[in-house]
Amino acid sequence: MNDFALEMNNMDGAIPEFSQNEPTKRGITLRNYCRLYLTSLAIFAALAAANGCKKQTAPPPPPLPPAMTAPAPTATISASPTVVNPGDGVSLLWHTTNATDVSIDGIGKVPTSGTQTVNPTSSTNYHLVARGDGGSIDATTRVTVNPPMAPAAAETAPAMSDDASFRQNVQDVFFDYDSYDVSPENQSLILKDAAYLTAHPMIKVVIGGYCDERGSTEYNLALGENRASAVKTALVAAGVGAERIRTVSYGKEKQFCSEHDESCWQQNRRGQFSIDR
Amino acid sequence: MSKKTEPIFRRISFSLALTFASIAVVAGICTGASAQDWVRTGTNLGAQKIRIAAADFAPSSQDPQTPALKTTFDATLFNDLNNAGIFDLVSKSIAPPSMPASPQQINLGEWANAPASAEMVAFGSLAVNGGRVVVSGWLFDAKNPQSPQILGKQYNEVASQDNARLVAHRFADEIILRLGGGINGIAETHIFYVSAKSGTKEIWEMDYDGEGTRQITHLGAISLSPHVSPDNSRVAFASLGNGGWSIRMFSLVLNRPVTFPSPGGTTQSPAWSADGTKLAYSSSRSADTQIYIGDANGAGVRAVTSFRGPNVSPVWNPKTGSQIAWVGGRTGLPQIYLADIDGGNVQRMTDGGYATSPSWSPNGQFLAFAWDRKYGPGAPGGQDIYIMDIASKRWTQLTHDAGRNDFPSWAPDGRHIVFERETNHRPEVWSMLADGSQQQPLTRGGNNSMPNWSWK
Chain Z
1 MNDFALEMNN MDGAIPEFSQ NEPTKRGITL RNYCRLYLTS LAIFAALAAA
51 NGCKKQTAPP PPPLPPAMTA PAPTATISAS PTVVNPGDGV SLLWHTTNAT
101 DVSIDGIGKV PTSGTQTVNP TSSTNYHLVA RGDGGSIDAT TRVTVNPPMA
151 PAAAETAPAM SDDASFRQNV QDVFFDYDSY DVSPENQSLI LKDAAYLTAH
201 PMIKVVIGGY CDERGSTEYN LALGENRASA VKTALVAAGV GAERIRTVSY
251 GKEKQFCSEH DESCWQQNRR GQFSIDR
Chain E
1 MSKKTEPIFR RISFSLALTF ASIAVVAGIC TGASAQDWVR TGTNLGAQKI
51 RIAAADFAPS SQDPQTPALK TTFDATLFND LNNAGIFDLV SKSIAPPSMP
101 ASPQQINLGE WANAPASAEM VAFGSLAVNG GRVVVSGWLF DAKNPQSPQI
151 LGKQYNEVAS QDNARLVAHR FADEIILRLG GGINGIAETH IFYVSAKSGT
201 KEIWEMDYDG EGTRQITHLG AISLSPHVSP DNSRVAFASL GNGGWSIRMF
251 SLVLNRPVTF PSPGGTTQSP AWSADGTKLA YSSSRSADTQ IYIGDANGAG
301 VRAVTSFRGP NVSPVWNPKT GSQIAWVGGR TGLPQIYLAD IDGGNVQRMT
351 DGGYATSPSW SPNGQFLAFA WDRKYGPGAP GGQDIYIMDI ASKRWTQLTH
401 DAGRNDFPSW APDGRHIVFE RETNHRPEVW SMLADGSQQQ PLTRGGNNSM
451 PNWSWK
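Protein chains in written order, with our numbering: chain Z, 1 to 277; chain E, 1 to 456.
Calculated from the structure, these hints are not laboratory results. Computed from a prediction, not measured in an experiment: that's the story for all the values here. Each hint should be verified, as a subset may be incorrect.
[To be verified] Chain E stretches covered by chain Z per the calculated footprint, using a threshold of three residues with CB under 8 Å from any CB of chain Z: (1) 165-178; (2) 306-313; (3) 352-364.
[To be verified] Straight-line alpha carbon distances no greater than 20 Å define the calculated SDA-like cross-link-like pairs of lysine to any residue that follow: (4) Z:LYS254 / E:GLU422; (5) E:LYS197 / Z:GLN255; (6) Z:LYS254 / E:ALA196.
[Stated by the list, open to error] Derived, one-sided and incomplete: chain Z residues facing chain E with beta-carbon distance under 8 Å: (7) ASP178; (8) TYR219; (9) ALA222; (10) GLU225; (11) ASN226; (12) SER229; (13) SER249; (14) GLU253; (15) HIS260; (16) SER263.
Ideal Cβ positions, reconstructed from N, Cα and C, are used throughout, including at glycine.
Chain E with its partners taken away, still in its complex shape (with noise of 0.2 Å):
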């Protein structure tokens, strides 16, 4: 997908945030919006992509570690920014063979110049030097031979595999917040989530792209639901004991369970508020399962909810902290409602289906949820994501045909989202573009469910 340059692309030193928004709103007033104008607006998946490309880089020492290394830094590299959301990425086959492994070793015109027509080119060298790899990046503007460098990277650490994919995410990371109108990448992030890997459901973690999973819990019994806190200290979830579910923590600084005050009852579903100081989650310590927001050590439990029917998955507004979004069987079939933090000023956000598992994007602005429209036994159709515009309750669908969508959780860029997908009645996690596009599995064969992505 080549596209004429915009001239605005060329200058760099412009807040990119505020020339995203005011193209996406010129692009609305001049065409008219179509139902994935707002969508692309509020995520910030810009109204067109900048078209960069990644070099593979120049391998600097004789090191034999070197190729595996580089290989991987190169690989890793090359997916960041095409996952980013925000690139239209010059592929492989058509990019110059060169490995510019500096400024001086750069002919920008092979860049520029057509096939490659890149705006952008990131390149540079990687060594392996004494047990550690080094790596020096820098991200040029190809149509700007003057002054071209936007960015100037060292990366220096332990020689390793993951560190290597560190790095790559590093630089990643840093083109993006560059080229992104300020908002960090996401490929240090990190996704928690449920496996049945061991024989048992526990909580498991991975890197953003699936790559350096871990276990995290060990506990033999049932867990769900995980959820990390907004400092990627504690990981809090739902565990099936001899006294039913209850909420519990665990430290990935300790690297151990630690003592949370559970409610009595069947007690699940736990969301952080974006400052940390808080939890909510559903509780059937009274009658019905009810909305509770405590403190994040236990204390001062207050309910939220009083409404027949089960009441589930609460997610906090990360905006403003003053309201949440929950699931609600009041009427029947499951629904998302809207309530400010003191039970107040309830809303019905969906109008009929079988609506679950919201969750709210980083700016406040969308709920991401699964929604099955036409749910009954025998009915047709499926479970799928959708995002709504909370002010407008305009939404629109993400996934479509494929499987039994469920879980939907916002990238804290708010571009992307985390999601679970059944097919033959196998969960696996998913990730896409918060318009639905570049739709990708993250795990295979192993039984992976309820993502949560990290909030940095």
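Here chain Z stands alone, though its shape is the one from the complex (with noise of 0.2 Å):
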């Protein structure tokens, strides 16, 4: 299964447009992946070919006439619709003046004006650089992914690999010394926690609550339980249902950081979030 995962993260990170926002998915079978991932194919082979086409039927543009100063380019981008839903369409129209070589990121070189249609599967920023005589300028515009509707396919559940953007968005908390009161930084951190799990409504989480090496086994094996306990109560007052999250109690018997200093027992003393499989 380890392997498995491993070779799902490595063709992750063959094909960014598929990784950090895509729709979680749980359970998700190579069958599907390697179906996402001639899809891309497709759609690249798509892309390149109307470069190509473009290229080849439009007239070259005309020598400027020699000046002794080139007029600096100027470019704009837009995109509509802004906001979509995963996989919708979104036409992106440009227009430059005195550029002589025009890209989008993510497309490739473009006419110096033009439209086109692209389907993001998540929130992106299309990034227009016009290059002329004169210097060069970039544009942007930003095509805002709703985040998927809650799925009723296990297709949709969070897959593996997003094992990293958990990791990212949801973080930690941390508590004071023998204390399992949230601080209000952490309320605003939790706050953050709950906004990811809310978006991703099919990933269960489970609290781990540790304790520093400090102090008495079986005290600290129940305030690692109070620990955990307090983040999950701040998480459903925050909205996340009560049944998506699960806690265990570590107390000291697993550590963070093994130093004998405040800064590793800081460390020790937290909530943990993990994805519950």
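Make the complex out of the two chains shown on their own, each in a separate frame, by following the hints.
In structure tokens:
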């Protein structure tokens, strides 16, 4: 299973447009993944062909009259609509002047002015760079992709490749010495954690409660439980369903950091999130 | 430490329990009680120790196993009497070199006179015949040559090192029972503990002196807080599984885990009632972790506490069965509390610091517990073992300036306490007398913790 997961992650790395904010998919099969992979290749091929066509059919721009100072290029780009659901088409419209070489990140070389339809699966910044004799200029438009609808099929459950995204977006909560109170700073942290979890409703989480190495084993197990439970309570208050959250105390039985000083102890006094599989 | 012999000690037929008690009371009245007197009285350690000699036993067979078994027997008997807490043992270096094999062979004078100056002498013979080890042992009153015999015992077991130790333990316990006020010795008791020797924290068992270690559980999961049932048939402990911490049960009779319906949530720190019919434990089945009591088969669970903060480590009053002590965090740092088992009459016992891991003395009089009285980041001081007289809340410190000490557990004789001492971040199991003397390690080099002394 680990090897499989590793392979998936590698594939994921090879196709960045399917990686980070992709709709969460639990138990994605290799076959499904290959389908996505082939689809993406097809899109690449289509884009390449379209670009090639336009290049061939469009007349080369007339040579500019020699000038002492070439005028600076201008560029605009817009998207319509700017907010879509995953997989919906978006029209990009761009216009440049005094440019000889225009490209859009993720698409490649494009005509100096034109339109193109794209199908982003995650929120994307379309960044256009126009270069001319008078210099270069860039323009950006953003397309926001809505989080996926509440999915019904296993296909839309979180994929293992979401671990990285989860770790990046759901941050651990740290506690004061001998305390299981959620501080105001931690409260705002938990709101962010809750926002991610709300946006990814298929993810179930387990909150691990940890304590530093001082103190007594049994008391620390209970304290770790109370820490995990306090984080759960705060998440539920922020709108995350209690049935999605499980707590486990590790007390001082498992330590993140094994030095015997305060900075390390602080590292060990935490509520840690991980995906519950 | 040579002492003038009180005549009373020669009269072994008296009830020595009464003797010790009356001596202690008299000493208290006459000299003014020092801090240690109430401890020594309450822990049956007595005001004065009986001077006893343990002769090396005479080898009385030609079997080649004889010398090795005799060496083990002699060392074990000497060690048991030395550990008992009620004897002033004549050291080997000044004891007479003779090895009387029988009452006919003993010259009581050489034991009673200086330098040995023994009041009592244990002696006898050891033979190996037909694969059996046969031990004959006597205890004589060295100062009563007219009628010296107090005890005569014979043991016959399969010849092995383990049985040489076992027979020595039995003979020692007979001597301790006779001379120690009718309280059973502990040489045949066991200590259950947690060891990471196998790579994972599992439950282990050893003899009271640290010999004969054996691994009980092989779960491959972290297991903590072993507590043996009063009849030695089962061990309750906490173990980390997929669903978190639950209480599990291991049958020492069947030698395998048996079912126990542990409540959900983090459920841990089990404690047996003295009659073996009930368990108390800590569980987060509700919001906060609270103390619950249920039947030993897991049925009839009800909450005892409903306080904020962690509530863990319950222990029953073994004398009455009607009270528990536990660790509560309702005011912040953990403190020791007492309550009736219906949750009434809550008393806070400790006045600050960080107090955990109570153990109730067999006579119901004391709590032993771990206390760091100046707990806090950067605070000086350590975590030490204390005992408190429950009625008066007087306490005394038993360990000083030696590592971090936790999880005291009383021996059934009320004279001994086993505990965990962590030095250089490595915990080992130690034992001591209940007045803090004779501290000695029972385990070495294996990450050993959370000891629990068997009830018998």
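Of the hints given before, which are not true for this structure?
-> Violated hints (numbers, rising): 1 and 16; every other hint is consistent with the structure.
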